[in-house]
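A.B. asks: Starting from the known structure of chain A, arrange chain B on it as the hints suggest.
Residue numbers (the working numbering), protein chains in the order written: chain A, 1 to 299; chain B, 1 to 441.
It is worth saying that the hints were derived from the structure and are not from the lab.
Don't take each hint at face value.
[Unchecked claim] Below, computed lysine-lysine pairings styled on DSBU-like, alpha-carbon distance capped at 30 Å: (1) B:LYS20 to A:LYS132; (2) B:LYS150 to B:LYS97; (3) B:LYS71 to B:LYS105; (4) A:LYS15 to B:LYS239; (5) B:LYS436 to A:LYS128; (6) A:LYS64 to B:LYS4; (7) B:LYS239 to A:LYS64; (8) A:LYS206 to A:LYS217; (9) A:LYS149 to B:LYS4; (10) B:LYS14 to A:LYS108; (11) B:LYS419 to A:LYS15; (12) B:LYS433 to A:LYS204; (13) B:LYS419 to A:LYS128; (14) A:LYS126 to A:LYS116.
[Stated by the list, open to error] Heads up, incomplete: computed chain B residues facing chain A, CB under 8 Å, no partners named: (15) PHE7; (16) VAL11; (17) VAL34; (18) ALA35; (19) THR130; (20) THR226; (21) ARG227; (22) GLU230; (23) ILE231; (24) ILE232; (25) ILE233; (26) SER234; (27) ASN235; (28) LYS239; (29) LEU423.
[As the list claims (entries may be wrong)] Pulled from the structure, derived: some chain A residues nowhere near chain B, Cβ distances all over 12 Å: (30) GLU28; (31) ARG80; (32) MET86; (33) ASN134; (34) LYS292.
Glycine is no exception: its CB is placed at the ideal position from the N, C-alpha and C atoms.
Spelled out from the first residue to the last, the chains are:
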Amino acid sequence: MLKVEHVTKYYGDFKAVDDLSFTVKPGEIFGLLGVNGAGKTTTFRMIMGLLEPTDGSITLDEKKIDYSVTDTIGFLTEERSLLTKMTVKEQAFFYGTLKGMENDNIEKRLNELLEKFGIIEYKNKKIKELSKGNQQKVQFIIAILNEPKLLILDEPFSGLDPFNVELFKKEITEMSEKGSMIIFSSHRMEHVELFCKKLAIILKGKSVLSGYLKDIKEDYQKKNIFVKGDITKDELIKIDGVVDVIEKADELEVKIANRDIVPQVFSKIKNKKNITKFVVEEPSLNEIFVSKVGESYEK
Amino acid sequence: MKSKLNFLIGVSLKRKVKTKWFVLANLLIAIIIVAAMNIDSIITLFGGDFNKKTTIYVVDETKESFDIFKKQIEAPNSLIGETESDYIVKQYEGTSKKAVKILEKKEEKDNVVVHFKKDATKTLDVTITTKEFLSTSDYTVLNNAIQNTKVNLSILSSQIPVDQLNAMYEQIDIKRVVLDKNKKSEEESMDMIMTTAFPILILPFFMLTMFLVQMIGAEVNDEKTTRGMEIIISNVSPKTHFFAKVIAGNLFVLVQGVLLVVYAILGFALRGVIGSNQIPGGAFDNITSVIKTVLSSGIGEKLIYIIPLTLLLMVLTFIAYSLLAGILASMTTNIEDFQQLQTPIMIISLVGYYLATMAGVFNGSLFIKILSFVPFISAILAPSLLMLGQIGIFEIVLAIAIVIGTIFLLIKYGLRIYKVGILNYSSSGLWKKMFKAIKDK
Chain A
1 MLKVEHVTKY YGDFKAVDDL SFTVKPGEIF GLLGVNGAGK TTTFRMIMGL
51 LEPTDGSITL DEKKIDYSVT DTIGFLTEER SLLTKMTVKE QAFFYGTLKG
101 MENDNIEKRL NELLEKFGII EYKNKKIKEL SKGNQQKVQF IIAILNEPKL
151 LILDEPFSGL DPFNVELFKK EITEMSEKGS MIIFSSHRME HVELFCKKLA
201 IILKGKSVLS GYLKDIKEDY QKKNIFVKGD ITKDELIKID GVVDVIEKAD
251 ELEVKIANRD IVPQVFSKIK NKKNITKFVV EEPSLNEIFV SKVGESYEK
Chain B
1 MKSKLNFLIG VSLKRKVKTK WFVLANLLIA IIIVAAMNID SIITLFGGDF
51 NKKTTIYVVD ETKESFDIFK KQIEAPNSLI GETESDYIVK QYEGTSKKAV
101 KILEKKEEKD NVVVHFKKDA TKTLDVTITT KEFLSTSDYT VLNNAIQNTK
151 VNLSILSSQI PVDQLNAMYE QIDIKRVVLD KNKKSEEESM DMIMTTAFPI
201 LILPFFMLTM FLVQMIGAEV NDEKTTRGME IIISNVSPKT HFFAKVIAGN
251 LFVLVQGVLL VVYAILGFAL RGVIGSNQIP GGAFDNITSV IKTVLSSGIG
301 EKLIYIIPLT LLLMVLTFIA YSLLAGILAS MTTNIEDFQQ LQTPIMIISL
351 VGYYLATMAG VFNGSLFIKI LSFVPFISAI LAPSLLMLGQ IGIFEIVLAI
401 AIVIGTIFLL IKYGLRIYKV GILNYSSSGL WKKMFKAIKD K
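Just chain A, with the same shape it has in the complex (with noise of 0.2 Å):
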């Protein structure tokens, strides 16, 4: 099990993670969301043993993460951490000796992943001449290619089709049912919510909310309830309690404060004529968390 407790770095007087604390079990996909600079990269340098915290401690397995465990941790950083004059080749047999893989298996599981990709034909090919996407692929496959115990994602989906994203999160399910640790970070809010049972939110180092998605969507009281029929924006804007109603292609969105005013809603709308949905639903994870960051969320 990772775990992550009361870790707080600073960089001369910037205090860029703050009493941070999370844990996550094997199995497990862990999402660590923030905006830009909330301290999301210092953490996974952190848990990488890149850095050292100001205060607090990162274990894994209840050992300090240095050197003699790194070997059993995969990496996907948000640039490009390619060698791009390198093959696909070449790149996985420098990573796959850093990581302590003999040559055999390097080669036996590369071909097995790039297969899987779809790229087994840029396998000599140098990174440079790959398109976006299949560097991506390729940085990917080299972060999972010694099958990790606790694998780390920063943004994996970045410059991906939607068919390749399908790939990726097929993966990404298939480690975490053998039983890998994966932590996961993305801007993409339905890829969150797609994935990780279990979530953090940071805003300048600070977790601002945490725990499993599902308990965090409860508590969470705003609601929406999507209406369709002969009914107006205006005359659901005068309910108390309705906070907003938003018209949408052919139908109406609308965002009550808490739970108790679905009741007043549909008393609104049930004598209405053609009312061929209503539909009470749980906040989108997009939500919450421009919600709980309070500022607008750059998508």
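C.D. replies: Just chain B now, kept in the frame of chain A:
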């Protein structure tokens, strides 16, 4: 399991050596070195002849100048160790007009006609005729010989007794005494020779230093700018990475150095096969002179310890340069910044190079002796002063000790900078970060 240090060294070295650019660059270097060492043969191939002597046709109307003039011209130049004159002096029996016509022949175009006539007031009236311009050295030789001829004629006309005259012409046996027992009189000519030949001997060291600094800087920056550094450093410690770069850089220098020696041997071998026509005063001539002078001065016996100590000093200096290059490269965020930061290293190395080539000019001043202990330049300056006899073995050993001390400091404090620098991507507050890194253990 493979050693990660050895693996990183191997990868670094392979990235540098196993490229078509390395092969191409070495092919060019080999051609240049072999060609430079056989430049006289190449020039000969295109019609030049360094062994061809200049014929001086003398039209002597005075009937007494020719013999004296001939003696003056053909006298061996003992000062520069020459035993044979570069001129043939022939008396022309015809008129000067006819003599001049000889020069119009193609094979005679480089020859000279000297016309001696009597002059009532100045003893001699001399005309030198050539087809083209006369070189400065040829003109000096002719001028000196003519002046001496005039003096000799004047002495003869003053009717000095033969015995006295012979005594006047007799070669003086000059005895040379040097009070400093550590100095040998034969070493005196080293100054002149070192100034011309030493730059060629130390040029490879200077070149290899540049290769070393460039290689380490480019590699560290490549890994930093591609962010590959984060993955590398998450698997090997910065210390391992740093030493891998330093060792790989020095191994590369060793490979390149050996190749330079091989090219030089090839050049020598080719010289042996095709023969040589040494350019008087040329680079090859000077190097040969250095070797001869070194052997004749007795320094040759000292070479048994001078060479190993000099090589040790050079190896240690390469290590110091590579450590410095690694540290500076870790602080920069791209290769352009590194190129700017390496300029001072280049200047230091260049200053060392020029001081070493001009060491003789400083005539053993305290300033130049102190500079010979300064790390980074001591490797070329100290051996130069040692060859000139301006410093001794003790000073060389001291210079080695200072470089070792510098290496220790570079490892101790430089490694702290390297650890912080390689994961730093911002140039803001750079020096503050680096000074903080030095303070933090």
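A.B. asks: Each hint: holds or not?
C.D. replies: Evaluated hints:
1. The hinted pair formed by LYS20 (chain B) and LYS132 (chain A) meets the criterion: a straight-line CA distance of about 27 Å does not exceed 30 Å.
2. Simply put, LYS150 (chain B) and LYS97 (chain B) have alpha-carbon atoms about 23 Å apart, close enough for the 30 Å limit, and the pair holds.
3. Between LYS71 (chain B) and LYS105 (chain B) the CA atoms are separated by roughly 27 Å; this keeps the pair inside 30 Å, and the hint holds.
4. Distance check on the hinted pair: LYS15 (chain A) and LYS239 (chain B) sit about 27 Å apart at the alpha-carbon level, within 30 Å; holds.
5. Taken as a hint, the LYS436 (chain B) and LYS128 (chain A) pair is broken in the structure, with Cα atoms around 37 Å apart against an allowance of 30 Å.
6. Restraint check for LYS64 (chain A) and LYS4 (chain B): the C-alpha separation of about 21 Å stays at or below 30 Å, so the hint holds.
7. For the proposed pair LYS239 (chain B) and LYS64 (chain A), the alpha carbon gap of about 19 Å is at most 30 Å, so the pair holds.
8. At most 30 Å may separate the alpha-carbon atoms for a hinted pair to count; LYS206 (chain A) and LYS217 (chain A) meet this at roughly 20 Å.
9. Between LYS149 (chain A) and LYS4 (chain B) the alpha-carbon distance is near 21 Å, which keeps this suggested pair within the 30 Å criterion.
10. With a C-alpha separation of about 24 Å, the suggested pairing of LYS14 (chain B) with LYS108 (chain A) holds against the 30 Å cut-off.
11. For the hint pairing LYS419 (chain B) with LYS15 (chain A), the CA-to-CA distance comes to about 21 Å; that is within 30 Å, so the pair holds.
12. About 22 Å separates the Cα atoms of LYS433 (chain B) and LYS204 (chain A), which keeps this hinted pair within 30 Å; it holds.
13. Restraint check: the Cα-Cα separation between LYS419 (chain B) and LYS128 (chain A) comes to about 28 Å, which is no more than 30 Å; the hinted pair holds.
14. The straight-line distance between the Cα atoms of LYS126 (chain A) and LYS116 (chain A) is roughly 20 Å, inside the 30 Å bound, and the hint therefore holds.
15. Of the supplied interface hints, the one on PHE7 (chain B) holds, with its beta-carbon coming within about 5 Å of a beta-carbon of chain A, less than 8 Å.
16. At a threshold of 8 Å, the smallest CB-CB gap from VAL11 (chain B) to chain A is about 6 Å, leaving the interface hint in force.
17. Interface restraint check for VAL34 (chain B): the shortest CB-CB distance to chain A comes to about 31 Å, outside 8 Å, so the restraint is violated.
18. Annotation: ALA35 (chain B) was flagged as interfacial toward chain A, and the flag is violated, the nearest CB pair being 32 Å apart, outside 8 Å.
19. For the restraint placing THR130 (chain B) at the interface with chain A, the shortest Cβ-Cβ distance is roughly 61 Å, beyond the 8 Å limit, so the hint is violated.
20. Because the closest C-beta pair between THR226 (chain B) and chain A is about 6 Å apart, less than 8 Å, the hint holds.
21. Interface hint at ARG227 (chain B): satisfied, since its Cβ lies 4 Å from the closest Cβ of chain A, which is below the 8 Å cut-off.
22. Interface restraint check: GLU230 (chain B) against chain A, minimum CB-CB distance 5 Å, threshold 8 Å, status holds.
23. A distance limit of 8 Å between C-beta atoms decides the matter here; for ILE231 (chain B) the minimum to chain A is near 5 Å, and the interface restraint holds.
24. Among the interface hints, the one on ILE232 (chain B) holds; its C-beta lies about 7 Å from the nearest C-beta in chain A, closer than the 8 Å criterion.
25. For ILE233 (chain B), the shortest C-beta to C-beta distance to chain A is roughly 6 Å, which falls under 8 Å, so the interface hint holds.
26. With a cut of 8 Å, the hint placing SER234 (chain B) at the interface with chain A holds, because the nearest CB-to-CB distance is about 4 Å.
27. With a least beta-carbon distance of about 4 Å to chain A, the hint placing ASN235 (chain B) at the interface is held under the 8 Å criterion.
28. Checking LYS239 (chain B) against chain A by beta carbon gives a least distance of about 10 Å; that is not within 8 Å, so the hint is violated.
29. Interface restraint check: LEU423 (chain B) against chain A, minimum CB-CB distance 6 Å, threshold 8 Å, status holds.
30. Non-interface status of GLU28 (chain A) relative to chain B is upheld: no Cβ of that chain comes within 12 Å, the nearest being about 21 Å off.
31. Remark: the non-interface label on ARG80 (chain A) conflicts with the geometry, its nearest Cβ contact in chain B lying 6 Å away (cut-off 12 Å).
32. Under the 12 Å C-beta cut-off, the non-interface status given to MET86 (chain A) relative to chain B is violated; the minimum distance is some 8 Å.
33. Every CB of chain B is more than 12 Å from the CB of ASN134 (chain A) (nearest about 16 Å), matching its label as outside the interface.
34. Separation of LYS292 (chain A) from chain B is adequate, the least Cβ-Cβ distance of about 29 Å exceeding the 12 Å criterion.
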